[in-house]
Amino acid sequence: MKERICSFDGLDLSDDQRDVLEAIRGFVDAEILPTVHQLEADDEFPQKIVDGLRDMGLFGMRIPVEYGGLGLDLVTYALAIAELSRGWTSVSGIVNGQYIVGGMIATHGTEEQKQRFLPRLASGELRCCFSMTEPDAGSDVRAIRMTARREGDELVIDGQKMWVTNGLRAGLIGLLVKTDPTADPPQKGMTALLVEKEAGQEQVGGLTIPMPPLKKLGYKGVESVELVFDGHRVPASAILGGPDGEGQGFYQMMSGIETGRINVAARGLGIAMRAFELAIRYAQERSAFGKPIGQHQLIQAKLADMATGIEASRQLIVAAARKKQAGGRADVEAGMAKLFATEVAQRCAEESMRIHGGYGYSREYEIERLYRDTPLLLIGEGTNEIQRLIIARGLLARHAV
Amino acid sequence: MKIAICVKEVPDPTAEKRIDPGTNRLVRTGENTLNPYDRHAIEEAVRIKESGVETEISIVLVGPASAARTVDKALAQGGDRSVHLADDGLADSDILATSRALAALLERDAYDLVLFGQQASDAECYVMAAAVAERLDRPCVSQAASLTLDGSTLRVKRQVETGYDTVEMPLPAVVSVSDAINEPRYPSLPAIMGAKRKPHEVLSLADAGIDPDTVGGAGSRTTVRGLSKPAGRGASVRIEDDGTAAEKILAFLVENKVVV
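Residue numbers (my numbering), protein chains in the order written: chain A, 1 to 401; chain B, 1001 to 1260.
Hint data in this document are derived by calculation from the structure and do not stem from the laboratory. Owing to the predicted nature of the structure, the values given are computational and were not obtained by experimental measurement. A couple of the hints might just be wrong.
Listed next, the in silico DSS-like pairs over lysine-lysine satisfying Cα-Cα at most 27 Å (straight line) [said to hold, decoys possible]:
| id | chain 1 | residue 1 | chain 2 | residue 2 |
| --- | --- | --- | --- | --- |
| 1 | B | Lys1049 | A | Lys48 |
| 2 | B | Lys1248 | B | Lys1049 |
| 3 | B | Lys1157 | B | Lys1002 |
| 4 | A | Lys291 | B | Lys1157 |
| 5 | A | Lys215 | A | Lys48 |
| 6 | A | Lys114 | A | Lys188 |
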């Protein structure tokens, strides 16, 4: 029996976990891989794929069972993201806002906020986006400038956000603002808001979403937009966690960021898996100098390095997810997984391109998409340069002498 | 309405099949899964249920205890309960023996309709539905391309080489559905996770009242004397398109009496 490439063996998964992951892999093989090429070339939102994922119940993967979700553990979540990303990393991007904001509401929201949002997030009826980054503040979150000042029972929001994935189609924004711009340190003046809006509208109250969306190297099919707030009013009840949540936004968002890093690591794993899958097949189909190129030692070295990197990435991701799931601080582990798996993804995409030669460079084939989709992972959710700092600081703190 | 769907566990159909040269049997030690053709039968039963007919869908499987995961896959696809005959004495059963075991399981309950997929993807066997129907003494139709239920009558559109036959039959009946009858849906993640919590009945031969001598190797009449690869195709004719390819293809088809 031929062993499946990138099987779920060796990860100590339960039958439930395997069944869920196999179902997602089956969906990716049948519905995403055959259509992704045209959708990405046209930069088209994959509505049919999203509908299929919604019917499968995938949007509720991380929402607690009592609010209509599946309450799946972090390991299954991470490996599910890898499976989706093996098909198209943009699809993982589309569902991810749901998981981040849903997770924040489940952890920090008031009961009223949970009842109001979680069932609709689980069903996919309400889509959401997560918005922290600004034109002048990315990795340095403390430098954000967007403010929300209180006027009676309302908050008035001013400022600009950048690189908001799903920003147009979302009906709910998880938004980080400064409610006390004078706070020192600045993070103590930050608050997370749950801003509702009309999905698909470019102009709602004082919120404008400039069109067209931002143009990107890869990560097509899902919109990345700016959000411009100019005196936009929301009720004070939009504060995540209610009145006590004021000034807690930075900490609330940071608690979700380890999960976010595991997510990006998993996306890298998915791309690397696909790049390897294509490479090992092509290495046996293509001949040069009288034998399949997979029989040439330099190609073998590439295959060996790719597969080793992929296996190591999987183990790092699963270890980080297990640690976070168990309730421990996993900043170092999540950082390691993100750093390693995304660098492996880029190497795998490039090596797969080299193995495919001219075909890998052609827009007719899948490899060049994988090659264009990986750089975002090196930059997003904390650049890999920042990851190294986080890992080192965490290690120095853990092993202080 | 009680519908039984007889499903089979098969080696992963996407992997290459291997024959054990010692036993002349298919190697089943790798990844096994639900016979993909059975998904069409389950989907059809679910559609009957969704049409408003009060229906209980039972998944019936004869296979080793390890096939429990395949039972769950079938339940996730839409079954309400399962009956799994798992007994070491079933090993080496051929079509005759397996049909005997399935018929015995089906006789334990008053099913109005027994559905099969059109074939099993492992040995490409198409005849199990007919064999079971014969043992149950029920009418049987194969290659059903649509089912219409009218009280206790079932109208079946049956796919044949020249078009469709429409057959009416009284229930209870046995039907094998074509893979063109529907597009099976993806099981939802809640259904996958809920499958284990559905009622599972796991029976031994003794539980099912089946004489061990009538199934397994002892109850089988098939001997595989030898195996050979199918003959290769004859030399192919290559037609380069110089503007007359269509005419050449037509001439070839007429010459070989494919079209007249």
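Exercise for review: Just pull the numbers of the violated hints for me, sorted ascending.
Suggested key: Checked against the structure, the hints that fail are numbers 2, 4, while the rest are satisfied.
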